[in-house]
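Participant: Please construct the entire structure, taking both the sequences and the accompanying hints into account.
Read top to bottom, the protein sequences are chains A, B and C. Just so we're aligned, residue 210 is where the first sequence starts under the working numbering, counting upward by one. Just so we're aligned, residue 603 is where the second sequence starts under the working numbering, counting upward by one. Just so we're aligned, residue 314 is where the third sequence starts under the working numbering, counting upward by one.
Careful: at least some of the hints might be erroneous.
Unchecked claim - Residues on chain A that point at chain C, a partial pick, calculated with CB under 7 angstroms:
1) F229
2) T246
3) A250
Keep in mind that the hints were calculated from the coordinates and are not lab data. Note that beta-carbon positions come from the ideal geometry of N, C-alpha and C, so glycine has one too.
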Amino acid sequence: MAALTRESLKKLRDSLKKDFNRINSAGKTKVVIGMGTCGLAAGAKETEEAFLEALAKEQRKDVVVSGTGCMGLCFAEPTVEVIVPGMPSVVYGNVDREMAERIVRKHIQGKILVNDHIYDKPSVDIIEELEGN
Amino acid sequence: MSLVELKINGEVVKVEKGTTILNAAKEINVNIPTLCHHADLEPWAACGMCIVKLENSSKTVRACATPVEEGMSIITHDPELHGVRKTVLELILSTHPNECLTCGRNQHCELQTIACEFGVREQPYEKRLRDLPIDKSTPSIVLEPEKCISCGRCVLVCQGLQNVWALEFLFRGENTRIAPAGDDVLNDSPCIKCGQCSAHCPVGAIYEKDETRKLLDAIQDKNLHVTVQVAPSVRVAIGEAFGLEPGTVVTGKLYAALRRLGIDAVFDTNFGADLTIMEEGTEFVQRLTEGAGVLPQITSCCPAWTDYMEKYYPDMIPNFSTAKSPMMMQGAMTKTYYAEKMGFEARQIYSAAIMPCTAKKYEITRDENMYSSGVQDVDVVLTTRELARLIKSSGIDFLNLPDEPADSPIGAYSGAGTIFGNTGGVMEAALRTAYNLVTGTELKDVEIHQVRGLDGIKEGVIDIDGTKVKVAVAHGMANVGAVLDKVRMAAEKGEDPPYHFIEVMACRGGCIAGGGQPYFTTDEVRQKRMEGIYKDDKMSEVRCSYQNPEIQILYKDFLGSPMSSKSHKLLHTTYTPRPLHRL
Amino acid sequence: MNPEKFILVCNGAECRNPGAEEIYNNLRHECSIHNADDVQVIRTGCLGFCAHGPVVKTLPDETLYAGVTPEDAAEIVENHIINGKKVERLLYNKNESKQNVKVDNADFYQKQFRIVLRNCGIIDPENIEEYIARDGYAALEKVVFDMNPDDIIAELKSAGLRGRGGAGFPTWMKWNFTKQVESDEKFVVCNADEGDPGAYMDRGTLEGDPHSILEAMTIAGYCIGAKKGYIYIRAEYPLAIERLQKGMEDSRALGLLGDNILGSDFSFDIEIRLGAGAFVCGEETALIASIEGERGMPKPRPPFPSVKGVWGKPTLINNVETWANIPVIITRGGEWFSKIGTEDSRGTKVFALTGKIRNSGLVEVPMGTTLREIVYDIGGGIPGDKAFKAVQTGGPSGGVIPAEYLDTPIDYIHLKELGSIMGSGGMIIMDEDDCMVDVAKFYLGFSVDESCGKCSPCRIGGRTLYNILEKITTGNGELEDIEKLKTIGKAMQTASLCGLGQTAPNPILSTLKYFEDEYLAHIKNHRCPSKKCKELISFHILADKCVGCTICAKNCPVNVIDGAVREVHTIDQSGCIKCGKCFEVCKFNAVFIK
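Facilitator: And the structure:
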């Protein structure tokens, strides 16, 4: 992409806002894995592999698996946020290989939440949930 | 210059903007205690002794490094500050050996003085010494890191003032110590033995090698005829050891004291200086008028400088004057000309030299040229400090000695010889003679003020019979680089050299502030010693080297003429490129 | 049918709030008798608010109920889930959360308020588009085209942001000083040398949202007139370094960094400089020396870096967290920011909550949040329900705050009054098993290791203090030692050259202030009340509890436990190394520490 100008930056942002919207996710199913040092130390790489394998098995090529920084729930790493259109997005903690497979089966495919591993999001999202002036 | 008004201990003070609190306090005669501070250097602000309070605030600042601000109100001394300063002192003492009685700085130590003033009577904190080895690798200087208080002065001097970078802080925290980079011994480092580190060290962590015993042994040896030469700078500084003002000329007493020590013949390095001028001046005129060598010519009498040049500027060896230093010429003449006259063999003569310089201890065995008489030309070098101690311990009442003359035939000197002690002195002396060699007449005004003074680099133009001779004088090793880089650049571009003649002295102020001079040398002291030298010049019977009658006899009877083959053999030397591979 | 409503029942692993299982079962029962098949009831991990538990949350409407009893299940299902009417009396009092965050029309209950960490855990830090989508580079755009340097200063002034590196100096002032100095060259520096043990706020920010720092530094360059910035980051953060480098590459490609930013005539670029393992290089003058390739040793100030910094030029240095606040202040305005926090300390602070705490991690709270809220509502309290003893803030430069001050609001002025400091944000929770003398010794040991060695008070005083503490913790302390600690501590505070030495005695002076009895126990009674200091404790086996299972003997690394199967075991004191393994493995509580 070429260097941006003020106008092209504004245009880019507006088009991206539609795609990258945490609450609505623009209709895409997303699995966002915490890949800060805390997550990686707890095994986030393996968690990522597990998701990719499980999703491939279910032939869900439409699900986006990506990484993110530290969400602050360091005590519960590896953490994974699961966004399925039509369901509230939740954050799971202590997601090992087995949990990953369970999430794919029950939450992504089965549209129900998985017991015992949900953690609350630590804060309101000031970008999407709080307008400034 | 704008003024700043502030209060110190309730008293109003007005000083120039940029003045530190420390100096502002001095103006009203308040002496804030310091330890790592030195007037020659930028404030290092390490020791913590100079902390002062800002009134109505809990803040303390370091007086040595904090510039005054309008409306500041400072408290320099109160019971709380006294308590903190004393604790800091006690902490420093807890890592310092209790060896005052056997230490080279006994009675002249800044830590000793301040501990005494603070009435330290006990050491409440555990003693922690590190058992570090002593470095005696160079001929001149000893490092005793156990006594180091990490004031940083030696590092700042060696890196900043001298640009030699032989000393650095190694390791961190409580393991910090000062040594050459890579923990080399000093002799394997860039060290040029100038001794400025020892001159600035507040304690006994760096000091000159004491070789007094060697001289005493020689005097005791009935088979040796002991001679001595005294450098110009010694006569304006040694008086300080006996309570005289810096710059007091005590030449006559110096000769008298040396005789009373049992020395057989007392000569003067100033004679050697006159001899150096005859040789070097002739060499210069030959290069200038006959193209007998490259220009600019650079003086070579400073051994720290020749060491530096061989290591860092070996490409400029052809520019170096081949003349030896006055001390080495004097030594050579002592063991040949004088020996012949007196019917001695060279090996029967012991030649000692009293110098303001620590590098001179290294010079005497530099290479085989220093043995031109067949044996070692100069046998031992004692610094001014060593001689002062020797005089005291021999019960000689220096201040009440009569003035005596030096011995012939190599003791008399001209004013040009004595000004070798000052920066610019060698240049001035050389020009006085060069003028005569070219024109056959005497310079109308022998005092060449363009090359005098404490500016790090001085430039001047002297008219010698229509030729504009361009000269440069650099002192303090860090200033040399700028001058020589100019010369190198001109050579690279194929231009004319920017100077014809360059004088270099490693120590700021010249030899009068050399590494072996009495302690506590600041610019104020340098100024006074320099003025003493110029007074000695003014008082001299003759002001130019070629007018020295003993010099004239020497050439007539012994050497022939300057740059003759005999002169070459005895009074000239060669240089070896020894580029420093290490960074 | 896929559920559309969800009821979350907090069931944290070590929850002290009983009844979660019953509440869960009751809710399920209620749902089934009302035929609410579009509702799923789930157990979760810890949802926080432990002091107000049991906690129940509903999604997607994000309602939080506190102090729920099993009997409330019927009301929740009938009124709220079926009929859409919230059960008012059970609602968690949001206003309590929002007392420090006066943002209109905001309907949230969480105690944390993430400004610095706004994108962390949400965006992919290696994807610049996700940053842009969430208002990324909107601040830079506004600054370059719609604002002049004075406007930026005014915005910062109205925001009231204070430096987050620990000193709390008003940010607008520092920017203004550097802006006002006339110079041909100026620099912007980000201090990412985060060295406090246990602190990783800056790491989290840089790994999770590197662009926020790049954007902020560029804005600063525009404001003060600099063309070059340095990020001085410790080499121990390789992931953050990688992400910063990727970020810079991507920004440069899009014209958001480098020459002619966004097509304007403003150019600014950034270079990364790595630290080499010296905590002291977090001090700004030592940091500058390190950037210049010199030994990392502090220099006296004045002159301050804003006048004479890197290469002798005016330099603006700020901490990572300070930088991360800048883009939001520009896009939302200083006034919006100033409504968060307290009068003395505006905005939020990120803390690395670690130690004896259930929910450890990076938390960001509005200034003025109390310690109790952080420890119990966010942190989930102390594991094993042990007694809270103290919280240590500010790392090796800070102090401890005991339980009686748990209701202190956290801001610069209150922490200072208590003898601690905000510092960069380390917050370590300690319980009854932590020995305060040992804590002081740990921090001092760190400062002694990291001392640069330039000034005498720190270089010598630090080690002298440490050796005295060592004496005390090994049972060789004397009463005069306490006076010596105070005298040397005072000298270091007054006469050290930089903050490292000036604050190194703080942990000692603070623990002495609040826990002098522990010091005296060590000295007078040769006892460590917390049973931590090895020389002062010994391990014994209680005859009436030991069943002879031999597990302790099998696990003893030095084989000093004797005893036959099914017979009482004994520990040979002369060989015991006090490792604590036997205590750890015994299932019968038969090992006793004296």
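Participant: For every hint, state whether the structure bears it out.
Facilitator: Hint-by-hint comparison with the structure:
1. F229: Result: holds, 4 angstroms to nearest chain C Cβ.
2. T246: OK, holds: T246 of chain A within 7 angstroms of chain C, min 6 angstroms.
3. A250: violated, 10 angstroms
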